[in-house]
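Visitor: Letter by letter, the chains look like this.
Number of protein chains: 2
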Amino acid sequence: DELHPADLAAAYEALPADPAAVLLGFLEDDVLAAVLTQLPLVDAEEILLGLPDDRLARVLDGIPDDILVDVLQEMPGSQRGHAFHLLSESRRRAARELLKFPDDSAGGRMTTAFASVREDMSVRQAVDSLRGIADETELLARIYVTDHEGLLLGKVRLRDLTFSDPSTLIEELNDRDTRAVLTSADQEKAMRMIMKYDMLAMPVLDEDGRLMGVITHDDALDIQQEESTEDMELQSGISGEITDETYLNTSVLRQVRRRFGWIISLAFLGLISGTVIYSYQNQLNTIFALTVYMPMIVAAGGNTGGQAATMVVRAMSVGELEAGAVLRVAWKELRIGLIVGGLVAVAMVVQIFLLRPAFITLSPPVVAQFALTVGLALLCQITASTLIGAILPLGARAVRLDPAVIAAPAITTIVDATGLLIYLNLARAILPI
Amino acid sequence: DELHPADLAAAYEALPADPAAVLLGFLEDDVLAAVLTQLPLVDAEEILLGLPDDRLARVLDGIPDDILVDVLQEMPGSQRGHAFHLLSESRRRAARELLKFPDDSAGGRMTTAFASVREDMSVRQAVDSLRGIADETELLARIYVTDHEGLLLGKVRLRDLTFSDPSTLIEELNDRDTRAVLTSADQEKAMRMIMKYDMLAMPVLDEDGRLMGVITHDDALDIQQEESTEDMELQSGISGEITDETYLNTSVLRQVRRRFGWIISLAFLGLISGTVIYSYQNQLNTIFALTVYMPMIVAAGGNTGGQAATMVVRAMSVGELEAGAVLRVAWKELRIGLIVGGLVAVAMVVQIFLLRPAFITLSPPVVAQFALTVGLALLCQITASTLIGAILPLGARAVRLDPAVIAAPAITTIVDATGLLIYLNLARAILPI
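Respectively, the protein sequence lines represent chains R and E.
For the record, in the first sequence the residue sitting at position 189 is 1496 according to our numbering, with numbers rising by one throughout.
For the record, in the second sequence the residue sitting at position 10 is 1317 according to our numbering, with numbers rising by one throughout.
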């Protein structure tokens, strides 16, 4: 039984360096090319740079052009030039063309290997023209119809060609569906459209409407995985571009670079909370029980704010919330915050009265005031944090930042300080200090 | 120009109730059926329950069986019986069959509308047998080869039928690829395989190897989106099943139910931090500056722990980390934690010496001891939190819990308490208190 290139790639990654190199030596050139397209780019590059020139030329020739371009981009300049030199003239031109587009644009993501026929062909002519490329083209299930200048006019299905009279004109079978994205569009837009319309592939056009390439359904899965990984990482304050490097293969220093920025910024921002505490030093020293409930109240805000932010960021990234949704979101989260805050407040007030923790060495009327302070602080803190967590991502988008950039830790740090202000001001107003 | 059902569905959702009902009145039965498959289930159910019986029968007939089953499941019992009654005998049987499988299993996700031919057919016979279903079958690009008992033997491509001699036997064209999942498999497994092998569709077999249905590439996109939404929500402590309800359409009370559980549990857990603070009351009252740096040190642990948890949860859910990876993960995160912690510690020590914040009213030697306390506490807290954040999700999986269940807020609450213990014990050891 033959192994799928994806299985060979997984085996390569699982093996130690030496046996892996031996494994590669056994593979045919075209199988090796297929395996390389399944490996993380850094690994693919390393393998390519280790091949002798004649084999390198043959293997490069077998790599689909969208992956080829990614690999070339990964290479250091001098070696990229050398690899370019080994490509055939037509592939070199195609690669140069694709290298112009940013990585995460539709143009940077598309493959130029698609099938097309002209509107004035008969079915017989179309089938003949496709016969030659039947094995090369990634996706013959969608065959695009273009005019003499390459403008997209629609598509025909292979089944229409198979089941139609050979003399039928392509024009009659053309579905005239010209849904497409521009090369400059964000890859996420292409993915969302593929998903919305259940498409097999999305045509990519240049500014003049000429068909330049396609993004296929399997690319859509990769794009969606990349985008949701990026969202998740941004939301926990991990920055920088997502590559296809796996977690275990990413170096410690690269991980540190991606994580350190937010951590150090938030540490300095966290000193604001310290300053708030400092300015209420006298109250805290007078009624030490206030300090005891401080971490819980502060954290409840961070947790509810983080939940609201996640809900809103996710709704935005699956394309739900339009710009006008701010008021609807705010109204919804205000009610959620009040209910959650109210319930937690009641639970804590009951806890204070029933359990009378040992550290509350206060006289009965002051215990009541203390419980009121904790309860009100929880209600206000949770409501405010829920609103802040929901609104900040919408605000970020309004100023053209990725909503997920207002990461949950940033929201936590912000509501840490506001929570302390709420709590300690309520204490000053309610308690005899 | 014709509108795509997905666009009609979007228009319906954007319209207020009355004009939306008018819009539906204008649609042909089959168009309405197509629109319903694009709407959230609750909306689809509401529309169906409002139709007169004759139209309901025709519309139900036009809905693909995987969606039909979802809609039936959504209906209250009595109305489900009524809808069942309106189905044709064969569809009723198919729906009953599909209803047996859990929602998130491959069987619950598959469609039974697939094309198949037998191995002993000629290409001509195969094409003739497919002609009748060419317009009904969702995906003719993959045609499965089965034997007389329905056992999966492989697949042929439409292009092979199109470009082969009509007398060729299917047996010769069969690729003998029998990669498939069982009806009982998790939907995520089917999605991961579709993604790994770039498949158009994944065959779903019963225990005996009979082909029961297929999961198509567009289902894979939906599954991936559901799974990553679930991960993100779990990670911020939002529980409960993901439905296809949108954020704005979910009621406030349902949102509260999904968010409240963690918040109240974490609030009580947060009292542990309060208890820790209480037991160090004397130290804190003696050197109040300790309290000022407390929020920053505690939060730095929560942030770094959350980052590590996100990295590990994501790596697990894209299928990277095997059970044996614990030691490699721990070793990697230990180094990351030491570096990040060391850098933050140095920055804060420098800050204490250079800026000499007004609230540090300590004698110069005690300032040095104080800076040492803060620096060491940051290094230990960040390193410990990074390790805890990375290991807990792996531990959760070891006891068969979803790794994302050890949500970032839970990790934050845990490292809040450990951070206070680290900080205040270091203070007691180093400072003259």
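Any given hint could be a false lead.
Copies of the same chain look alike in the list, so a pair counts if it works inside one copy or between any two.
Here are the simulated lysine to any residue pairs, SDA-like style, with alpha carbons at most 20 Å apart [stated by the list, open to error]:
1) 1496 - 1425
2) 1503 - 1717
3) 1407 - 1428
4) 1503 - 1708
5) 1407 - 1382
6) 1503 - 1571
7) 1503 - 1534
No wet-lab data here; the hints were simulated from the structure.
This one's a predicted model, so the numbers in the text were calculated from it and none came from an experiment.
Visitor: All hints are to be evaluated individually against the structure, with a verdict given for each.
Guide: Okay, the hints, checked on the actual structure:
Proximity of residue 1496 and residue 1425 under a CA criterion of 20 Å is satisfied in neither setting, with 28 Å inside one chain copy and 41 Å between copies. In this assembly of identical chains, the alpha carbons of residue 1503 and residue 1717 never lie at most 20 Å apart, being 33 Å within a copy and 35 Å across copies at closest. In this assembly of identical chains, residue 1407 and residue 1428 lie within 20 Å of each other by CA distance neither inside one copy nor across copies; the values are 33 Å within and 49 Å between. Neither within a single protomer nor between protomers do residue 1503 and residue 1708 lie at most 20 Å apart by alpha-carbon distance, with minima of 24 Å and 32 Å respectively.
Taking the shortest alpha-carbon separations for residue 1407 and residue 1382, only the intra-copy value of 16 Å comes in at or below 20 Å, while the best inter-copy value is 52 Å. In this homomeric assembly, residue 1503 and residue 1571 never come within 20 Å of each other (Cα to Cα): the closest approach is 40 Å inside a single copy and 38 Å across copies. In this assembly of identical chains, residue 1503 and residue 1534 lie within 20 Å of each other by CA distance both inside one copy and across copies; the values are 16 Å within and 17 Å between.
Comparing the model with each numbered hint stated earlier shows that hints 1, 2, 3, 4, 6 do not hold.
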